[in-house]
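K.L.:
For reference, the chains in residue letters:
Number of protein chains: 2
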Amino acid sequence: MATDLAAVGKQFADYYYQTFDGNRANLGPLYRDFSMLTFEGAPIQGTTNILEKLTSLPFQTVKHMVSTMDVQPSTDGKILVLVTGMLKVDDSPNPLAYNQVFHLVPEGTTYFVLNDIFRLNLA
Amino acid sequence: MATDLAAVGKQFADYYYQTFDGNRANLGPLYRDFSMLTFEGAPIQGTTNILEKLTSLPFQTVKHMVSTMDVQPSTDGKILVLVTGMLKVDDSPNPLAYNQVFHLVPEGTTYFVLNDIFRLNLA
Numbered sequence: 006m007a008t009d010l011a012a013v014g015k016q017f018a019d020y021y022y023q024t025f026d027g028n029r030a031n032l033g034p035l036y037r038d039f040s041m042l043t044f045e046g047a048p049i050q051g052t053t054n055i056l057e058k059l060t061s062l063p064f065q066t067v068k069h070m071v072s073t074m075d076v077q078p079s080t081d082g083k084i085l086v087l088v089t090g091m092l093k094v095d096d097s098p099n100p101l102a103y104n105q106v107f108h109l110v111p112e113g114t115t116y117f118v119l120n121d122i123f124r125l126n127l128a
Numbered sequence: 006m007a008t009d010l011a012a013v014g015k016q017f018a019d020y021y022y023q024t025f026d027g028n029r030a031n032l033g034p035l036y037r038d039f040s041m042l043t044f045e046g047a048p049i050q051g052t053t054n055i056l057e058k059l060t061s062l063p064f065q066t067v068k069h070m071v072s073t074m075d076v077q078p079s080t081d082g083k084i085l086v087l088v089t090g091m092l093k094v095d096d097s098p099n100p101l102a103y104n105q106v107f108h109l110v111p112e113g114t115t116y117f118v119l120n121d122i123f124r125l126n127l128a
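These protein sequence lines are chains H and Z, in that order. Numbering-wise (the working numbering), the first sequence opens with residue 6 and increments by one. Numbering-wise (the working numbering), the second sequence opens with residue 6 and increments by one.
It should be emphasised that the hints constitute simulated quantities derived from the structure, not laboratory data. Hints may contain errors.
Any copy will do: because identical chains look the same in the list, a pair fits if it lies in one copy or spans two.
Claimed, not checked - Here are the simulated DMTMM-like cross-link-like pairs (lysine to aspartate or glutamate), alpha carbons at most 25 Å apart as the crow flies:
1. Lys-58 with Asp-81
2. Lys-83 with Asp-96
3. Lys-68 with Asp-19
4. Lys-83 with Glu-112
5. Lys-15 with Glu-45
6. Lys-15 with Asp-96
7. Lys-68 with Asp-96
Bear in mind the structure is a predicted one, so any value in this text is a computation, not a measurement.
Using the sequences and the hints, build the whole thing.
P.N.:
Put into structure tokens, the structure is as follows:
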């Protein structure tokens with residue numbers, strides 16, 4: 006179990022951050038109209054609003070580097086993923102530490118995002 | 006909705022960390038035999054194993070200080086909580102940054118922990 010879940014979590018995170026760093030407007034298919042994103046404390050719901058938020062973030066380029074990823078089964082085939090990592094935006098020399106939780110719901114052979122919580126670590 | 010959930014999340018986190026910092030052996034009632042804890046990457050399941058892990062952590066005293074807490078509804082009344090904070094152990098002068106996810110399941114008038122993922126931020 007643990008191995009399969011870890012593989013699913015990794016596959017999701019790889020795809021998510023590759024897409025985010027490539028063209029974050031393409032993240033739409035991962036969300037639904039009832040999906041929730043809390044971004045630095047701001048609650049946002051639904052694919053349209055989430056994409057609007059993500060594509061309006063004030064940087065041109067971003068690169069996420071995952072440091073740790075923990076995966077647990079939730080209920081009814083859902084999966085909980087906690088990612089910690091670093092991200093670099095534009096020409097900033099200093100990476101920022103972040104953490105992000107995804108709650109993924111199985112749908113056919115893939116998963117969509119029900120819950121998404123993102124926080125920078127500003128300690 | 007958001008307000009109530011935030012209050013529930015805060016009440017839970019306050020109780021959890023007060024109990025953890027006071028006598029973490031008393032956290033047992035928050036877990037069930039199918040509850041999962043991933044502690045710094047180590048997967049642990051069930052109240053007994055979780056308590057054994059928490060009470061065997063190599064420090065005598067610990068104090069958690071919550072920096073941020075984000076709460077979202079999950080499915081069927083469940084609640085997802087992401088906490089970021091700092092903790093101090095024993096006489097160490099340097100607090101450690103951590104983050105922790107809880108997935109809480111309603112039961113009567115209270116909640117138990119289905120999923121618990123803990124990570125120090127060692128960046």
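K.L.:
Hint numbers the structure violates, sorted upward?
P.N.:
1, 2 and 6
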